[in-house]
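Enquirer: Listed below, chain by chain, are the residues.
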Amino acid sequence: MARLVKLYSQIDHIKEQYFIRNRIAEENRARENAAAIKIQSWFRGCRVRVYLNHLHKKATVIQKVWRGFTARELFRQRVKTAYFTMKMNFYNKMAVKIQQRWRGNYVRKYIHNYYARKAYLEELTQKNEQIRRDLEEFAELQRKERERISLEREEQQKCIQAQKLHFLLSTKQCPGIFNSPFRQAPDEMELRLQKVKPLMVRSATTDRKSRKTRPQSPRQPDSGHILPPIHSKQPQGPFRAAQEVQQQRSRPLEPSLRVATSITALEEARNELKRQEWRTRLIDQPFQPFSHVHNNKTYERSVHTSAPFEQVAYGNKYFREQNTEQLQGKKPFKTVFTTCHVFDKFGRLYSKAGNIV
Amino acid sequence: MSQRHVLQVFEQYQKARTQFVQTVAELATRPQNIETLQNAGVMSLLRPLLLDVVPTIQQTAALALGRLANYNDDLAEAVVKGDILPQLVYSLAEQNRFYKKAAAFVLRAVAKHSPELAQAVVDCGALDALVTSLEEFDPGVKEAAAWALGYIARHNGQLSQAVVDAGAVPLLVLCIQEPEIALKRIAASALSDIAKHSPELAQTVVDTGAVAHLAQMILNPDAKLKRQVFSALSQISKHSVDLAEMVVEAEIFPAVLVCLKDPDEYVRKNVTTLMREITKHTPELSQMIVNAGGIAAVVDYLGDSKGSVRLPGIMMLGYVAAHSENLAMAVIVSKGVPQLAICLVDEPEDHIKAATAWSLGQIGRHTPEHARAVAVANVLPKLLGLYLDTESSEDLQVKAKKALKSILQKCTYLPALEPLLYEAPSNILKHVICQFSKVLPHDSKARRLFVTSGGLKKVQEIKAEPGSAIQEYINAINNCYPEEIVRYYSPGYSEALLERVETYQPV
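Residue numbers (the numbering used here), protein chains in the order written: chain A, 1 to 357; chain B, 1 to 507.
Note that these hints are calculated values from the structure, not bench results.
No false leads were slipped in.
Once the Cα atoms are required to be at most 27 Å apart in a straight line, the calculated DSSO-like pairs of lysine-lysine come out as:
hint, chain 1, residue 1, chain 2, residue 2
1, B, 280, A, 118
2, B, 306, A, 127
3, B, 335, B, 306
4, A, 127, B, 335
Bound-form chain B, shown alone (with noise of 0.2 Å):
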């Protein structure tokens, strides 16, 4: 036997696990290999492997791991529970960047499932491993850990916390400034994780300078940047006024109204999402937006755009209206009522024409001028249709019926109310009647009007219980007439006038 045969049985050996570690990881990138794999015991495999004295092999093992532990939160718990972990924690700090890129990977896969999976990821220490590698000078690496601990920092606050704990966050918005736009991105998104979950959390991202970063990014030509970057000025901004006045601040405004006739469907949808989470705060920021043309770049986003992406938009004009009559009537001026009577019917969704129906409520109910305008755009029968509907949900029933209830207590526009009276359940009617009673007595073609379309004697017909508020307002009706009218146009008044035939003796 010569060092030759020696060596080459070496060779062979390594040669065998190299294959199998890459078969392996090429078959784990099929989701139909996954539990043929899993049954084969491939964890128990791959995790000596981890140890490998071999690099390639080493990286090879991590990535097919992380690929298996992406598929579902079972092989998740499998890496979490096989003792996986601590083994690479501890080579995020010590191996070359290749390894760290893959182990972070791997971390990042276990991460993603549940909130538990990714406590156990921190019970492991992997956060100060992962932010230790921000500071790696390889973007790959910095990319992977970004996008871990943004995975980890997704679930839940105290996560988050963890995480801001760790000191992530600067070293993130150091991350934003890099020129690679895949880190951009990564870090981007990472940080819109961490602001979700608190305002104490989000004042922590904003300490750091990071709206400054995010803001000059906005007119950046990728879109999948953008997204991100939008995604975390809304979240920044949603969770008090101070915070949102600070990414006003950054001067933001009219430029980001461009990103609203962007290609991309969801840059699109995160700027609508940002200006609803400044909107919602007070009338001056909301004031803001709308002087900047806003409203109106967003109502053509709606004419543009379908589906659940409309509701950020949708929601937005309804929280602008719901400050002020004023900015009520700038959502009309901007044309926001037909576009939202559009949704209301275009939309399949209930949880959108819900939200249409509260918007259209916040903007009519301020005055009789906005009432008439949402009444105008024909919306009322289409309200009373959604919460007569048995198949809407009852969200939509509700918000329906109170946008209703809103805009006909203000709605003084009678040839919008007489269809309700037809079709209108008595709760309704109430109102609606009630509107009838107010005008009547002032408006004198309104009454001839209100004769001639047979309203009147619709309005008698209605059967109320004496003492009742509708009562009231039928009585006040009947005052604004002769009594012969109210009496012709009463249900039973040509038997009164026969049984009068019948007992009038002829001289």
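Next up, chain A with everything else stripped away, as it sits in the complex (with noise of 0.2 Å):
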């Protein structure tokens, strides 16, 4: 109870105080309202900045690891596209460098070629001023031929003139009329007088009997038995000179054509020529002999003849026709050989008694 009264006696006391403390609180609350805001503020002020800070750590951790893959992926493309572009530079490069070889060669080739063309032209100029000098050289030389042949003609003309004129020559006693004894030297032409050979006038018979003499000279050894020698002294009397009579003894056997020739021979020869033939011929029907394959052959049309008309066959068929009725019973002409032997023996027998007075 004493509690009791205590508190009554001091209820008052209590009212007061409590009074006075509900007035300082109430002064104070605002204030400690404020504190107690802005501790809660500054708290939470704090932990949110902390899970902001915590946010945006992570955040940026993200971004980080996202832009360093896109920028890795982004770096890799461009030094993919500035590889290609390199390689594609280079390839485009080494392009043109292929291309201007080839453009070049095939220009050179098939087009124009410039320094080909200043070869060839120089060349040109080489082989023309060689022709020129050729043709030069061969004009010469056929000039000096020509003048050779020229003055070989006349050389030959005067010759044949002083050989005419050889009678005109001098002699010991009286000057010809070229060697004038007026002038200091003889004439051009006495040389030649002295130097060529009088013209010889020969007769006719013995021209041919210094022909037939010729070729059958005098000391041939005979052919079969040895004769007895002639001597070479002329005998006393009427006799032959002694090579002439060494020529008859010498001479061979010359049977004419009609003794040394059967009368059948021809025939004889023609038959045995047709046995020879029948003998050796394979196939009956003749070849076209090939000598007179152009005879035989048909004319051909050229491919752009315009003319229609073909060759006609000339020759024997039409020209040179036989009249076959008017030979239908002749025989063919034999020939038979010449009896007359005064031209084959003529001037070569030993007698004259064939010879022509």
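Each of the two chains sits in its own frame; use the hints to bring them together as a complex.
Expert: Structure (structure tokens):
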């Protein structure tokens, strides 16, 4: 109870105190509230900040990773592109090189090659000069040749003239007309006259005889038996010259054609030929002889010819016709050799019996 | 009357006939006697003598007839109308070689004058008889027959075809191979006459292997034979590329050039003709000849010869140059242009000048370099002179104009163009100014030179219709210069200046 009394005793005080304290509390409440709010706000702010900070850090990590990823991707891309462009540039450069070589080669080969043309033209000038020189030389050569020939001809003419005029040669006693005593030197003709031999005038008969005897040399050894020698000294009397006798002795047998060949020789030969042909013939259908192939060939029209007509066969068929009816009963003409041996023995016989006077 | 008296009459008659015929034959050699003989009725008297019993009289009568027919075509016609030809043709197959020769001579003399007369000879069946005589042993007869065949064939293609169809060509080729020069000559000439008409006929000649035999004879010392051989080769090669190649394949080429130095003028001419006929076909053939040094030889030939024999050489250079610019350059390098320029001045004949102008045009038309080479030879004023000369023929004028035009269109060598500014008529001037308008914008030295040489002044004086091509070229030239200079050189500038003096008010 005391306590209650105590309390009763103290009620006023408590009431006062209560008011005082209420007032004080009332007075401090705004401040404290503000402070609490401040504390709260600070704390919350701290917390949020920490959280935000945390979030930021996370975001940064994410961003960092992402950015790194994309950047690396981009970089790779760029490197690839750069590499590609570099490669392309290189390829293009190389392609240009190839193209320029090829084009150069192509143009030089097929279209126009300046250096080749220059070389060709130079070569051509050289060739032209050479040809000019050659032709000049050749012309000179020809001219000399012609001059030489004309000189020779002139010389020959003069020679013949000199031969003809040989009788004008000067003698010891009397100078010829080309060797005038009133001149210092004799004429050119005089020297020529001295050099040439006079022109010999031969009669026809002596000429023939000399021609006949010339091929047979007198010292020709006989083919067969040896005949007794003939003295070269001319014996006295109406005898022939030793040489003539020698010739007559060594003369080989000269049968006339008539004697040498049989009368039927031709026919025999023909028959023999026929038989031989019959024996050796392989095909009965005779070949056209090759030597006359141009006669048997039909004329081939050239492709472009406009003329429609063809070649007419010409030759014996049309021009040298034989009158076959008239020849019907006739026997072929038989040749008989002439018995006259005047011509083939003339001048070669020992005796002069056949000679024409 | 004894037998002797009787025989004497015959003898006298025969002597008289012989003397008559011989005298007529002798008289017929002189042209002044021919008319008298004709008026005296010699034809009708000679005709029975062709059938005379004595061979000598026959031959001499034929000889006299031949000489008469050779003289002019009236007499040749008289021979045809007198029905003498069948008789001759008949005897050509029958008689001895002397008579054959004389008969072939008459046929030749008749056929030589005109295609109609030659046709008359052919109609008589002379071809077969002549071809048969080509097979004769005697070279004289062959020669006469070949000669007659050649004269028949030379007129036109049909006659020539008839000769070919008679089978003459192989025999003529055989005749070429004979040793006698005269026979070779005549046979080559006959082949040439046959080949000249058409490609088919030439092909027929080639088919018989004539080219090889002809080619063998190009170095023969006989000049007349060479003439005929080259003529035959050129007639063969002129038709087509194939034939020309056949001729070239006979390996005539370096050897032929030697003949360009032959003393005989016509050999040289025919060689050049052959080269012309070959070069005109293709660039390859031309190239072949150029490589063999043919151009230099031809240029030398042009220098050596005078007159109409130059023509084939000039044309050959033109043909070669026409094929390609390379070949044209070859002609220039071979000093062809100065030679042609000399020909252009020297030659009096218009057709040669025309050919020269054409050739120069062909050389200069390819590139500026070619045109320059031509212009340096001072050809342009001469061509212009020929074009403007009223005495030149129409053909020459046309050729000169064309050549001038084709050279001018390529020419950039201004010193050569300047003289033309003063002389050329407007249709040529157009090209000259065109060239100036092309060159001046790119060449400062030339611009300066153009002013100092008075060219600009001349250009200002040209009266051109506005809007025409020439006006455009003039404007292009004017644009290369400052305006004052153009005005200074314009006609009437001094008056304009003086007017300004009058109107000027001093302050």
